[in-house]
Amino acid sequence: MKGLIGIVFFIVSWMGYAQQFSSEVFHKGYLVTSEGDTVKGRIKYDMEANIVSMIHEGKAKTFSSHKIYYFEINDEVLKTFRQFYSIPYNVNYGYEIPILFELLYEGPVSLLTRETLVQQSQTTGSPYWGGTSFPRTIIQYSFYFLNTKGKINYYSGRKKDLFLILNKNQSDLKKYIKDNKLNTDDIKDLIRIAAFYNSI
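Okay, so the sequence shown: first residue is 148 according to the numbering used here, each after it adds one.
I should point out that these hints are in silico values taken from the structure, not numbers from a laboratory.
There's no promise every hint is true.
[As the list claims (entries may be wrong)] With a straight-line cut-off of 30 Å between C-alpha atoms, the simulated DSSO-like cross-links for lysine-lysine are:
1) K214 x K175
2) K214 x K191
3) K328 x K315
4) K307 x K321
5) K322 x K298
6) K335 x K325
7) K191 x K206
8) K187 x K208
9) K214 x K298
10) K321 x K298
11) K296 x K214
12) K321 x K296
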């Protein structure tokens, strides 16, 4: 169950913060470049732009995902340790470029995610009696499974697609999901599913 305890804490911590997002803050950490150099400093990541900003020895540096192999941070918002990799991904008709992924669970089949900040409308009060609508920013996640051959499969959140990706020992996996009443588009439950799948 490697990584499971830290990720559960990560999810619980996330719920306690309203409008401060980790991607907007600098965190202590280090980065390993694609050439194998290790750079320590304060790190801020942008998964949409696939860049990492760093303050190193008082100087600001920016690294694109092409120049990054790996980085890790001690998240100062969530109070937890997080790991990120730059991995080649097919973005358009066979064209691969390295983009940033966060590692949620590591195993023969690993669970990865990417996050995006999006705005959604929220209504206060009754919509029938003059309720007020206002925008709020939330984090939207995309999930991926990485196998031992280095292939990354995007997961849509639909159960039938999950079984196309995790296609071995399906009867055991389906029973585990049913017995534990797991939601196959919930981040906490997906971590449990990945951990179980790697154990059978």
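We went through each hint and held it up to the structure:
{"no.": "1", "hint": "K214 x K175", "verdict": "holds, 19 Å"}
{"no.": "2", "hint": "K214 x K191", "verdict": "holds, 15 Å"}
{"no.": "3", "hint": "K328 x K315", "verdict": "holds, 20 Å"}
{"no.": "4", "hint": "K307 x K321", "verdict": "holds, 11 Å"}
{"no.": "5", "hint": "K322 x K298", "verdict": "holds, 26 Å"}
{"no.": "6", "hint": "K335 x K325", "verdict": "holds, 15 Å"}
{"no.": "7", "hint": "K191 x K206", "verdict": "holds, 14 Å"}
{"no.": "8", "hint": "K187 x K208", "verdict": "holds, 11 Å"}
{"no.": "9", "hint": "K214 x K298", "verdict": "holds, 21 Å"}
{"no.": "10", "hint": "K321 x K298", "verdict": "holds, 23 Å"}
{"no.": "11", "hint": "K296 x K214", "verdict": "holds, 22 Å"}
{"no.": "12", "hint": "K321 x K296", "verdict": "holds, 24 Å"}
Going down the numbered hints, you'll see the structure goes against none, and every one checks out.
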